[in-house]
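Undergrad: Residue numbers (full-length UniProt numbering), protein chains in the order written: chain A, 1 to 106; chain B, 1 to 372; chain C, 1 to 482.
There could be a bad hint or two in this list.
Stated by the list, open to error - Derived list of chain A stretches under chain C, where covered just means 3 residues or more per stretch with a C-beta under 8 Å from a C-beta of chain C: (1) 31-38; (2) 50-60; (3) 87-99.
Stated by the list, open to error - Pairs of lysine-lysine residues, derived as DSS-like cross-links and limited to a Cα-Cα distance of at most 27 Å, are as follows: (4) Lys478(C) to Lys113(B); (5) Lys218(C) to Lys62(C); (6) Lys113(B) to Lys67(B); (7) Lys478(C) to Lys55(B); (8) Lys55(B) to Lys67(B); (9) Lys62(C) to Lys225(C).
Honestly, the hints are just simulated from the structure, not real lab data.
Remember, it's a predicted structure, so these values are computed and weren't measured experimentally.
Just so you know, even glycine gets a beta-carbon here, dropped at the ideal spot from N, CA and C.
Below are the chains, spelled out letter by letter.
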Amino acid sequence: MFRRLPESDTATLRFKIDGRPATGRAGESVAAAMLAAGVVTCRTTPIGGQKRAPYCLMGVCFECLVTIDGIGNRQACLIPLTEGMDIRSQDGARDMAGEPVTEAAP
Amino acid sequence: MKHEADITVIGGGLVGTAIAFGLAQDGARVMMLDEGDIARRASRANFALVWVQAKGIGMPEYATWSKVSADGWAEFAEMLADVSDIDVAFERPGGFMMCLSEAEMEARVRGMKVLQAQPGAPLYPYEILDHAQTKKRMPAIGPDVVGSVYCDLDGHVNSLRLFRALHVAIARLGVSYRPEHAVEAIVPEKDGFRIRGPWGEVATGRVVIAAGLDNARLAPMVGLLAPVVPSKGQIIVTEKAARFLDYPVSTVRQTDEGGVMVGDSQEDLGFDTQVTYPVISLMAQRAVRMFPALAGLNVVRTWSASRVMSPDGFPIYEQSRQFPGAFVATCHSGVTLAAAHALRLAIYIQDGRLPEQMACFSARRLNVPQAA
Amino acid sequence: MKRLANVVELAASYDLAIIGAGPAGMSAAVTAAEAGLSVLVLDENGAPGGQIYRGITGTPVKRREILGAEFWRGEEIVAGFERCEASYAPHATAWSLAPDGSKGFEIGVSLGGAVRHIHASEVIAATGAHERPFPIPGWTLPGVMTAGAAQIALKANALVPDGRVVIAGCGPLLFLVTAQLLAAGANIVAVLDTAEPGNWRRALPHLPGFLRSPYLMKGLRLLLKARRANFISRVTALRAEAGDDGCLARVAHTRGSTETTLACDTLLLHQGVVPNINLANAVGCEQDWDDGQLSFVPRIDDWMQTSIPGLSIPGDGGGIRGAEAAALGGTLAALGAAARLGRLSQDERNQRAAPVRAEFERLSAGRAFLDALYRPPKAFRVPAEAETIVCRCEEVTAGEIREVVAGGVTGPNQLKVFLRCGMGPCQGRQCGLTVTELMADARGVSAEAIGSYHLRPPFKPVTLGELASLPSNDAAVKAVVR
Numbered sequence: 001m002f003r004r005l006p007e008s009d010t011a012t013l014r015f016k017i018d019g020r021p022a023t024g025r026a027g028e029s030v031a032a033a034m035l036a037a038g039v040v041t042c043r044t045t046p047i048g049g050q051k052r053a054p055y056c057l058m059g060v061c062f063e064c065l066v067t068i069d070g071i072g073n074r075q076a077c078l079i080p081l082t083e084g085m086d087i088r089s090q091d092g093a094r095d096m097a098g099e100p101v102t103e104a105a106p
Numbered sequence: 001m002k003h004e005a006d007i008t009v010i011g012g013g014l015v016g017t018a019i020a021f022g023l024a025q026d027g028a029r030v031m032m033l034d035e036g037d038i039a040r041r042a043s044r045a046n047f048a049l050v051w052v053q054a055k056g057i058g059m060p061e062y063a064t065w066s067k068v069s070a071d072g073w074a075e076f077a078e079m080l081a082d083v084s085d086i087d088v089a090f091e092r093p094g095g096f097m098m099c100l101s102e103a104e105m106e107a108r109v110r111g112m113k114v115l116q117a118q119p120g121a122p123l124y125p126y127e128i129l130d131h132a133q134t135k136k137r138m139p140a141i142g143p144d145v146v147g148s149v150y151c152d153l154d155g156h157v158n159s160l161r162l163f164r165a166l167h168v169a170i171a172r173l174g175v176s177y178r179p180e181h182a183v184e185a186i187v188p189e190k191d192g193f194r195i196r197g198p199w200g201e202v203a204t205g206r207v208v209i210a211a212g213l214d215n216a217r218l219a220p221m222v223g224l225l226a227p228v229v230p231s232k233g234q235i236i237v238t239e240k241a242a243r244f245l246d247y248p249v250s251t252v253r254q255t256d257e258g259g260v261m262v263g264d265s266q267e268d269l270g271f272d273t274q275v276t277y278p279v280i281s282l283m284a285q286r287a288v289r290m291f292p293a294l295a296g297l298n299v300v301r302t303w304s305a306s307r308v309m310s311p312d313g314f315p316i317y318e319q320s321r322q323f324p325g326a327f328v329a330t331c332h333s334g335v336t337l338a339a340a341h342a343l344r345l346a347i348y349i350q351d352g353r354l355p356e357q358m359a360c361f362s363a364r365r366l367n368v369p370q371a372a
Numbered sequence: 001m002k003r004l005a006n007v008v009e010l011a012a013s014y015d016l017a018i019i020g021a022g023p024a025g026m027s028a029a030v031t032a033a034e035a036g037l038s039v040l041v042l043d044e045n046g047a048p049g050g051q052i053y054r055g056i057t058g059t060p061v062k063r064r065e066i067l068g069a070e071f072w073r074g075e076e077i078v079a080g081f082e083r084c085e086a087s088y089a090p091h092a093t094a095w096s097l098a099p100d101g102s103k104g105f106e107i108g109v110s111l112g113g114a115v116r117h118i119h120a121s122e123v124i125a126a127t128g129a130h131e132r133p134f135p136i137p138g139w140t141l142p143g144v145m146t147a148g149a150a151q152i153a154l155k156a157n158a159l160v161p162d163g164r165v166v167i168a169g170c171g172p173l174l175f176l177v178t179a180q181l182l183a184a185g186a187n188i189v190a191v192l193d194t195a196e197p198g199n200w201r202r203a204l205p206h207l208p209g210f211l212r213s214p215y216l217m218k219g220l221r222l223l224l225k226a227r228r229a230n231f232i233s234r235v236t237a238l239r240a241e242a243g244d245d246g247c248l249a250r251v252a253h254t255r256g257s258t259e260t261t262l263a264c265d266t267l268l269l270h271q272g273v274v275p276n277i278n279l280a281n282a283v284g285c286e287q288d289w290d291d292g293q294l295s296f297v298p299r300i301d302d303w304m305q306t307s308i309p310g311l312s313i314p315g316d317g318g319g320i321r322g323a324e325a326a327a328l329g330g331t332l333a334a335l336g337a338a339a340r341l342g343r344l345s346q347d348e349r350n351q352r353a354a355p356v357r358a359e360f361e362r363l364s365a366g367r368a369f370l371d372a373l374y375r376p377p378k379a380f381r382v383p384a385e386a387e388t389i390v391c392r393c394e395e396v397t398a399g400e401i402r403e404v405v406a407g408g409v410t411g412p413n414q415l416k417v418f419l420r421c422g423m424g425p426c427q428g429r430q431c432g433l434t435v436t437e438l439m440a441d442a443r444g445v446s447a448e449a450i451g452s453y454h455l456r457p458p459f460k461p462v463t464l465g466e467l468a469s470l471p472s473n474d475a476a477v478k479a480v481v482r
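Work out the full structure: start from the sequences and follow the hints.
TA: Shown next, in the form of structure tokens:
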């Protein structure tokens, strides 16, 4: 768990983490916002169901995969937080059946 | 000459290990000579289908051989699991060839008719399905799918696990496995063969050449021909997803572990294995048109490798007339044919002769100039 | 500097494409743009600075002393970069790179939700470093992260780990993170130092070079700050343990023959940084095993050019030398590229390079001492416990790897096929080095002889739909539609 330094400016962006309302700071990544919101585990693995959490915060470990606005397996540490985001932790493999179909290629 | 092995198999890919598995099950004292970590290895890059549908136009015996193998696959998978304790996830729900235009549909249907019109071709059932009928069985298809051909003989496996299971199994059956033993020369001797490499040499009673593209170089050393050439294939692999494709399609399949493979391009570009995006893109486009939900999946890997292709595309199995005891086995469907290689071909090799019905697979059918 | 936010804003081709906007990439861009080259900088982050100066343009940390003077040195480099004529695409990834005949290189770019290929005559891959894998029992538990990750959270987001923090490992960054977190008010209950006491003796021959470099003063200042934490030296074994919730609850460490367990909420691991070689490896650059840095390093010449003409790797991606040397290396790489493109004569190039190179060499000379002093012990590079996870993505353990090696698997590429090790989304970044060293240990041969994974594009994820949006051609139709 992480806390914000008192000197940092106020968190003004509103988002939801697993349905729970939270606030984040403009300019921060989804992973940072999650850590600040008290998230410890962000997913379970598709193979052994192990709990995992953000590990490197620089895009190389692929541990911080979460579902953002319905799209699974997104790298939370590389995606900027935006107002109104619906962030969900993942249970096992990404489930395409529950996802909106993205625009097909031309 | 004292032989270190009754039979030495050159090549540790799916063809070589399947034959060695069959030989070792049958009690032979087998040695396997393999290359090391960096090698061409078509077995590390295959599409993992156990496929019968549409194979064998131009050689009905190949259609039969593929069907024999696919029919024996469940038994083979069980034998393999018994020895290796590895489940290779063989499934045979039947397979689809998806058509994205009327022209493709006509070509597929015509192909099946031509195939089965050949004298001696196996007359297995298949179904021609329109869009609605296809959608009933595979709800994930997109509107661009015109129809499909379905055949219940088709299936797939986890080919990486197959590769491992064969290696574990042959080790447990006592096959002497020698990695980093590339072969430079096979020298026929009075009562056997001497095989040489930078690592030294071994003496063997018989030899089976199953070295993929290297067969072209090795076979002539014992009076055989295997004029195989590389056929470039590119493959796309996605991240794991919860299962949403219940059947393999000839160009798209979801593995038991969840990843989706997209493949089956063919180019004659020699040993070039560069990934090229016009091809990758078209493969991706077609896969997404077949199954729109695939569009959002992250691709973790693309690669390109060389298939082992004979001039007419069919396998070559042959014993040397000049130097009996030397065999060559080469094909580009090492997964589909693994069961036939283990359960049949290995027995023929053990017996020392290929039966009459295998004569069609001799390289003599190919009109190539006699080498060496 | 011209900011680009979408692939349609990219030109079809550039003289020079730079991948990464850390110190090497930024200074390369400045030098190349000055020499009149058309320059595109692609960076995965939303702001320039790389990992070392992460967040420097917008950090919410107001008290400058928390991050320290070394961090703020980056302001000058960023300012120069912002003034230069280069095009800069933040939040962009380069996911493929391949030589393409007379067009130079073909680069796959993902930006603003779309992908496209562009061309560049020269490429500078300033992809930097990442932390060395630290495979101990329990290193995958939530609550365990890298020290670098905690530093990024602080620099970019003013976030400090709450509760009891344990830091473990070795290397200069360990001291820096300790000092920074202390200044930010973190409750660091212990720093478990894994450096081997004998390292001093091995480092000594490299002392003269170190004394000439500026590392000495930096190091002393850091040590003084960090030493206020509870340092426990000569730690020989570590184990992260879970509580009932399946998350980190304790860290066990061995010192001498005594094992001690500390309750903690966060464990930060670090044992040095290693070059991020994925791109270089996938493109096919020659690489060598560096026994001082215990990693594969792309082979580069005096102008940071790899074995592939026109592709240069300055900065830590071409061998760890630190941020200041990286900036100088970027300049040298850009001068080399400008000369190859005919925008600078050899004389001009050499003249401009001379002072830069002198300083580059002075800084590089200090590195061998640090490498030797903070050489991570074998026990933490080659896990002895069979259950320890090596490949985090595919959950492959050290025991499984040893087992298949005993069965005749000789190298990492055959290992992939047997165990799927290295085939997950991180593409071997978190296990590659461990696998090489573990296999070398199991087979009793050198790491060089074992080799590394042969990596494949895309280096970073793109979707199947994005690949489908790329142009195709008639030859492809012939290859695919049958």
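Undergrad: Which of the numbered hints are not met once you compare them with the structure shown?
TA: 3
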